[in-house]
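From first to last, the protein sequence lines stand for chains A and B.
The opening residue of the first sequence carries number 1460 in the numbering used here; numbering runs sequentially from there.
The opening residue of the second sequence carries number 7 in the numbering used here; numbering runs sequentially from there.
To be clear, the hints were calculated from the coordinates, so they are not data collected in a lab.
Each statement offered as a hint is correct.
Pairs of lysine to aspartate or glutamate, EDC-like flavour, derived with a Cα cap of 20 Å:
#1 B:Lys144 to B:Glu133
#2 B:Lys144 to B:Glu162
#3 A:Lys1589 to B:Glu382
#4 B:Lys218 to B:Glu170
#5 A:Lys1617 to A:Asp1816
#6 B:Lys318 to A:Glu1588
#7 B:Lys389 to A:Glu1629
#8 B:Lys318 to B:Glu367
#9 B:Lys218 to B:Glu54
#10 A:Lys1617 to A:Asp1818
#11 A:Lys1734 to A:Glu1705
#12 B:Lys389 to A:Asp1548
#13 B:Lys318 to A:Glu1530
#14 B:Lys266 to B:Glu367
#15 B:Lys318 to B:Glu375
#16 B:Lys318 to A:Glu1462
#17 B:Lys318 to B:Glu365
#18 A:Lys1734 to A:Glu1701
#19 B:Lys266 to B:Glu253
#20 B:Lys389 to A:Asp1576
#21 A:Lys1617 to A:Glu1773
Partial list, computed: chain B residues near chain A (C-beta under 8 Å):
#22 Ile313
#23 Ala332
#24 Ile333
#25 Glu334
#26 Arg379
Glycine included, each C-beta is placed from N, C-alpha and C at the ideal position.
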Amino acid sequence: MGEPTIAVAMSGGVDSSTVAAMLRAEGHAVIGLTMQLWNQRRLAGHEGMPESVQGRCCSIDDVYDARRVAEQLGFPYYVVNHEQRFEQDVVRPFVAEYLAGRTPIPCSLCNNHLKFDQLLIVARQIGAEKIATGHYARVEFDEGRGRWLLKRPADRAKDQTYFLFGLTQEQLSRTLFPLGNMTKAEVRQAAREFGIRSAEKPESQEICFVPGGDYKRFIEAYLAEQGGVPEAAGQLVTPAGEVVGEHGGVHNFTVGQRRGLGVATGTPLYVIQIKNDSQEVVVGGESALYSRTLRARQLNWIAVERLDGEMQVEVKIRHRHEAAPALIVMSGADEVTATFDEVQRAVTPGQAAVFYDGDVVVGGGWIV
Amino acid sequence: MRRVYFDNNATTPVLPEVMAAMQPYFGEHFGNASSIHHHGQETRGAVERAREPVAKLLGCRPAEVVFTSGGTEADNLALFGLVRAGDHVITSTIEHHAVLNACHRLEEMGCEVSYVPVNGAGVVDSEDVRRALRRNTKLISVMMANNETGVVQPVEEIGKVAAEADVYFHTDAVQAAGKVGLNVERIGCDALSISGHKMHAPQGIGALYVRKGTVLQPLFYGGRHERSRRAGTENVPGIVGLGKAAEIAVAGLERRDNQKMGAMRDRLQQTLLAGIEAAGVNGDGAPRVPNTTNIYFDHIEGEALIIALDLKGLAVSTGAACSSGAIEPSHVLTAMGLRADRARASIRFSLGKQNTTEEVEFALGLVPETVGRLRELSPLWNKREVKVQ
Chain A
1460 MGEPTIAVAM SGGVDSSTVA AMLRAEGHAV IGLTMQLWNQ RRLAGHEGMP
1510 ESVQGRCCSI DDVYDARRVA EQLGFPYYVV NHEQRFEQDV VRPFVAEYLA
1560 GRTPIPCSLC NNHLKFDQLL IVARQIGAEK IATGHYARVE FDEGRGRWLL
1610 KRPADRAKDQ TYFLFGLTQE QLSRTLFPLG NMTKAEVRQA AREFGIRSAE
1660 KPESQEICFV PGGDYKRFIE AYLAEQGGVP EAAGQLVTPA GEVVGEHGGV
1710 HNFTVGQRRG LGVATGTPLY VIQIKNDSQE VVVGGESALY SRTLRARQLN
1760 WIAVERLDGE MQVEVKIRHR HEAAPALIVM SGADEVTATF DEVQRAVTPG
1810 QAAVFYDGDV VVGGGWIV
Chain B
7 MRRVYFDNNA TTPVLPEVMA AMQPYFGEHF GNASSIHHHG QETRGAVERA
57 REPVAKLLGC RPAEVVFTSG GTEADNLALF GLVRAGDHVI TSTIEHHAVL
107 NACHRLEEMG CEVSYVPVNG AGVVDSEDVR RALRRNTKLI SVMMANNETG
157 VVQPVEEIGK VAAEADVYFH TDAVQAAGKV GLNVERIGCD ALSISGHKMH
207 APQGIGALYV RKGTVLQPLF YGGRHERSRR AGTENVPGIV GLGKAAEIAV
257 AGLERRDNQK MGAMRDRLQQ TLLAGIEAAG VNGDGAPRVP NTTNIYFDHI
307 EGEALIIALD LKGLAVSTGA ACSSGAIEPS HVLTAMGLRA DRARASIRFS
357 LGKQNTTEEV EFALGLVPET VGRLRELSPL WNKREVKVQ
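Make the full structure from the sequences, and use the hints.
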């Protein structure tokens, strides 16, 4: 022993279970923590929502799996209740963003406000100096810059740095990503060697608190529970302002969406823009989806203290987007404008713009 | 690691004498108490002998004791056994979930339920109970001592209200039995629940006192066990264990052991409050069972404190746990009017017969420094200090 105590954020899945096993094998004292974030039964039975839910995050099955790993490897394990903060900092903003015509990323909010904030506080309060998670990313201290760096992982296909751009220097200094240098296949192999039961468990990709992945029904059920759905119906218009149809609420749309517009025309129509002040959804041909610039606010810088002048970077505008070369420059006190070398499809307000310099995350912000 | 257990309101260790009394009934005397032969007669005798100390603990006749699988079943048997669709029930907002959730089910089945509030110290007012009476009121169910705060309710006054109105009175005495003197005649109740594992008998055994002559609908259908009030082969080792634990509890109350327990609790509570600022007792000023104190340490999360203390060897708890094991906000403290953050900052210390004064000192050495560390790292605490400056 003698190694510092590490708290491991455990989901019950193979990644975080392997992290716990690896740290334990390295001689660390490990404390397993699972966050109880959302009561999956809360909206069950509301119109359009499944009567029963299973197999999702915060489910009893996942807690059971995490607890079994802790028992097997012999370290203490606790479930901590952060439901109230999760609703305040993730679920409500998620719903509000959709109602405002944007397309939010709840995982980033959860990382910023829950996992690397509330959970890190609890970890430190109970005697752990650092927190480890099963994210695919790397964190290291750069002596030259005197800063903690967030870097892409060895397994590019699993890269989760996009969701982690909001981490502060303080948070990064207390974070370990032990899977950063491993591929998913290597992690599964390690899990098998550690005898972890969840080694073959399938991946979870959908939003953890939205059962079945139908976020529209979730939003409607949540609003109904909160005392009513605001009047959100509006019109579908062309870029020239011509009304071509009606819609039941801006939260049903995301930029780039083609299906479910309810408008029959000869050429395919896409959502180009969502105007939350007039509740208008602008639709048009695919060519109108492309843009060369974006603006991002609520910035967080990682590799640099701040942006001076301009910087050539690669910008990623959604999780499944190939980062594209762009020039970034400050265009306000807390606003960056990125100008891409090539036009980009479906720049979507509410998503993050994350700036990379090769493997290094320079920083990022929220697209407006 | 040294481990000290101050969570005896959750469960208690089986005392060695209780274990020794149960031991022969796992192997040597294994008969079904309903069997006609020698083996059955042996265990029948053990069951009936065990009924006597339980009756003595409750101040009732042995024939009025129905053995159950625990406190929850006893509560459910009383509520579902005495009430029918269309009846009105009066209970309190601070009951255990075994009563509260049973009442919610009664509402679904067509009963009306009134939930009487408590004051800031966590005490039900018997006049509120009286005012809640209706023409169709069938049952009043108010607990004798609260599991979270230890606050003792005015059950004798409520018993009088019930008697005057000629309605049934049930009290959940799970947290009172063995800790304070208890007598069904003095309380004036028609039904009273106890649980074995809260008083050093094993988990999985409990009992319901049912006043002679009370017509009780059973929960289970099967054989004519327990005078047709509780079908199912008797849990003989459990019943023997409960009998022995009741005997020990009666002897302890006669020796006034509860005063010693109260002195230990008071030392723990007073020393903690003297050494830690922004802390206080939930239920202060109300009569309490002698083993329990529920203390708030403002500006921390009780959940983190419990984990931190557990990692250092001290087991304490707070409110109810949900199925994942996470801690739920306490309905009891909320009903007492505590702010949500103070309710979350509260933890319960509950002592048992096995605890020693030396263990109290161990806890006193641990809690203040742990609260201090939590506060040092608490955004709430640091914000508060800014405000003070």
